[in-house]
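*Asks:* Put chain B on the given structure of chain A with help from the hints.
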Amino acid sequence: TAASSPSSVSTRSKAAGFDLKTYWANLMVQINQKLDEAIPVQFPPQIYEAMRYSVLAKGAKRAPPVMCISACELFGGSRLAAFPTACALEMVHAASLIHDDLPCMDDSPSRRGQPSNHTIYGVDMAILAGDALFPLGFRHIVSQTPSDLVPESHLLRVIAEIARSVGSTGMAAGQFLDLEGGPNAVGFIQEKKFGEMGESSAVCGGFLAGAEDDEIERLRRYGRAVGVLYAVVDDIIEERLKVEGDGDRKNKGKSYAEVYGVEKAIEKAEELRAKAKEELDGFEKHGERVFPLYSFVDYAFDRSFSVDDASG
Amino acid sequence: EIQLQDTPLNFDFKGYMIAKAHTVNQALDAAIALRDPHKIHQAMRYSLLAGGKRVRPVLCIAACELVGGTEATAIPAACAVEMIHTMSLIHDDLPCMDNDDLRRGKPTNHKVYGEDVAVLAGDALLAFAFEHVAASTEGVSPSRVVRAIGELAKSIGTEGLVAGQVVDIDSEGVANVGLETLEFIHVHKTAALLEAAVVLGAIVGGGSDEEVEKLRKFARCIGLLFQVVDDILDVTKSSEELGKTAGKDLVADKVTYPKLLGIDKSKEFAQELLKDAKEQLSGFDPPKAAPLFALTNYIAYRQN
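The listed protein sequences derive, respectively, from chains A and B. Oh and the first sequence: position 228 is 1340 in the numbering used here, straight run, nothing missing. Oh and the second sequence: position 233 is 239 in the numbering used here, straight run, nothing missing.
Excised from the complex, chain B in its bound form:
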């Protein structure tokens, strides 16, 4: 039962996503040219330009525009967040980590370029993300750009992504992983970078401290929501519907929300997060907030 009542009826979400993703893809393509040594840059481009919905960069642009900034202002930050997301996937897929052969329907980076190049391509994407924000953000005061870089760095290190991955690795095969640990993993592994995407957009867009903090809370809610919905889909949908192996979490003996709470309670939790997320948006000008309302609904009600 899809409810889009918060989004103005005339808002074309699909068209919005396609247009923004197109802009982002072009910017990513231009940001990383095929330079010497070719193979590293090819490897970086292979994973970065492999498609995907570009949810993070679109969130960054939407947050920037919501507080009065322009799309162009947010593009370097939006690209940086996608570069970080991509590098974490490349390193996550490595044989010594999750050992995945396929990603978005294509062979994983190390399968194509070798493990050594995959490690380096990830490192290079990480470094370039920072260079890109620092050197290519235009029309924003240096103090705001520095603040954005601090937020980005925080979201991917030991207080963000990496912390989530470490606790995730630790909890594999452990029988009694509790709700607190599960939430720690998701808040750090998934929500932290979504938070960075939104907060970076709000900062470079010129948002007030109050606006930035409201949007931070919003992003934390949709980050966790993203994962709860993922867990629910894994047990309720077929592989065909998902476009990836269903029940993978069960087979891998991974702890999930449905496993800890049951399906009904998990769905209730998702509804709560959805409500909390929208509450944070309620103070903003409705037409300007339409993209973020629609993205929230999309994350909550997506079928794959």
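Next up, chain A with everything else stripped away, as it sits in the complex:
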């Protein structure tokens, strides 16, 4: 944008050469392994199996944990400090998705290309699996974060942030409005359902690394923009498939591209991309450590590679 300083332009162009695909793939392997270890099957086995089924689902891209780790590394924080929180984000995210899919909610028979949790384990177990994944996420942060890397006061901010983002003014509010519908609800729903997740992922990484308050606010705006950008682009892709006669969207009126048209959605996506990058310009002093977060924005916009292929 015109407002960018010459140095930020150069940071941006250098960031364009960053190999996000390899970075993401490496992190994904580690995150999947840590999630696998975090939920060993104990007694009573079926609840652990139900939790593992959703958390370890093959189609999960692990975008929230990757963003959390990138944000932590931006401030020189160790990846080891961020893994437990990164895993917790996936756990609470999975819990929300399991409950969203329930017959009394969205009544979705499938998720990430496989049958939804309740169709395999029953509605009662699906509710309990979600109820157990929320606290497991918090417990995982408390018990697994190396205490020599992160002071407890930072952990408290992380816990409060994740709880806020999934709570009654965050993702739960988004799901509620999604169910209620109403005119012009789509923008708000995407802010709450996707923006909150991106926001809390980025902010938690900052908290873990001990970022300053103004840097946290910057991460907050960045994460929210990327989260919504991701959802808007998903909507555009789906809307285009629909035009080609291949789409099968039952969430009528919940897609930005469907409600406002593809043109307008692309404009919105471009706006969000610019906004997210502008926030990152404020992190220039951190040098190339900002590259992953930059390339993340471009990936959210143009989907230049398939994360599933990246994980090999």
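Calculated directly from the structure, the hints in this document are not laboratory data. Keep in mind that the hints are not guaranteed to be accurate.
Stated by the list, open to error - Covered by chain A, per the in silico footprint, the following chain B stretches (three or more residues, Cβ under 8 Å): (1) 28–35; (2) 268–282.
Stated by the list, open to error - One side only, chain A facing chain B, incomplete, derived with CB under 7 Å: (3) 1159; (4) 1217; (5) 1219; (6) 1244; (7) 1250; (8) 1261; (9) 1278; (10) 1291; (11) 1293; (12) 1413.
In this text, a Cβ means the ideal position worked out from N, Cα and C, and glycines have one as well.
*Replies:* Structure of chain B alone, referenced to chain A:
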């Protein structure tokens, strides 16, 4: 035959409970304001502020004060435990779970707000409980607050509440449920959260490791005692005396202590638990331990 010999005669238990419950109710009311979207917050408040004896939060405050902490220090943790208890009741009452229409004499949450909102209100209460302890506990070192959060999380997940509910669901309609399974259900479904209430209070109150572990043992005893007494009352009292349907466990074909042990042995077991619980309190300063002695007697000798 009510025995209150461990409690100093001048301790006004009824007054104590009323005062503490009032404080807790005010704190809960203030903790969850009516924000946007209104309906979710209304649903959360509907169940959270529906009354109840507030046994868990009072236990939390009493444990905190016993080890030298103040009431104000324990309030966020006390509220969090009640929020978790409430969310488990909301989800338990759902049609796909126990399918109950009434709770504490009022229509259940999903009857009023719909199943979808009831699921979300429960999830939101769960999340908020953690936010509340993390963000609102004052005058306690971060390491103690983090420890308290770990304890709370453990008590409600697959090593606590949820484990108890899963085994409870599994054992429904099963003919040969044994004593071990019954104890597993109650230790996880009921005792775990009572334990969390007491242990959280002791941790934020500044208790030593030894004090925390003593109070943990105490809480496990009264948690199981709570359930044994519940089972006994279900077969010995009328619906009118209980204020809820008597004999419900028999009709539902649920396994209970009287069914497995008989009434007399169940009463003996309750006496044993009562004795064990009080033993854990014996090392503490008697005047300071009076509320927990009285709460223990209340749990053992309540008539409904």
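*Asks:* A closest beta-carbon separation below 7 Å is what the hint needs, so does residue 1219 of chain A meet it against chain B?
*Replies:* Hint on residue 1219 of chain A: violated, closest Cβ of chain B at ~10 Å, above 7 Å.
*Asks:* Does the nearest C-beta of chain B fall within a distance shorter than 7 Å of the C-beta of residue 1244 of chain A?
*Replies:* At 4 Å from the nearest chain B Cβ, residue 1244 of chain A passes the 7 Å test, so the hint holds.
*Asks:* Closer than 7 Å between Cβ atoms is the bar; does residue 1293 of chain A clear it against chain B? Give me holds or violated.
*Replies:* violated, 12 Å
*Asks:* Verify the interface restraint on residue 1217 of chain A: the C-beta must sit less than 7 Å from at least one C-beta of chain B.
*Replies:* At about 5 Å, which falls below the 7 Å cut-off, the nearest Cβ of chain B leaves the hint on residue 1217 of chain A intact, so it holds.
*Asks:* Given a cut of 7 Å on the nearest C-beta pair, is the interface hint for residue 1250 of chain A held or broken against chain B?
*Replies:* At about 4 Å, which falls below the 7 Å cut-off, the nearest Cβ of chain B leaves the hint on residue 1250 of chain A intact, so it holds.
*Asks:* Using the nearest Cβ pair, does residue 1159 of chain A come within less than 7 Å of chain B?
*Replies:* holds, 5 Å
*Asks:* Three or more residues of the region 28–35 of chain B near chain A by CB distance under 8 Å?
*Replies:* Coverage by chain A is violated here, the residue count being 0 at a Cβ distance below 8 Å.
*Asks:* Does the CB of residue 1291 of chain A sit less than 7 Å away from some CB of chain B?
*Replies:* For residue 1291 of chain A, the interface hint holds, since the closest Cβ of chain B sits about 5 Å away, which is under 7 Å.
*Asks:* Does residue 1261 of chain A hold up as a contact with chain B if the rule is Cβ-Cβ below 7 Å?
*Replies:* Violated, because the Cβ-Cβ distance from residue 1261 of chain A to chain B comes to roughly 14 Å (cut-off 7 Å).
*Asks:* How about residue 1413 of chain A: closest beta carbon in chain B under 7 Å, or not?
*Replies:* It is violated, given that the least Cβ distance between residue 1413 of chain A and chain B is near 30 Å, above 7 Å.
*Asks:* If you look at each residue in the region 268–282 of chain B, do at least three have a Cβ nearer than 8 Å to any Cβ of chain A?
*Replies:* n = 0 at 8 Å, threshold three: violated.
*Asks:* At a threshold of 7 Å, is the proposed contact between residue 1278 of chain A and chain B supported by beta-carbon distances?
*Replies:* Where the cut-off is 7 Å and the nearest Cβ of chain B is about 5 Å from residue 1278 of chain A, the hint holds.
Hints 1, 2, 5, 8, 11 and 12, counting from the list given before, are not met by this structure.
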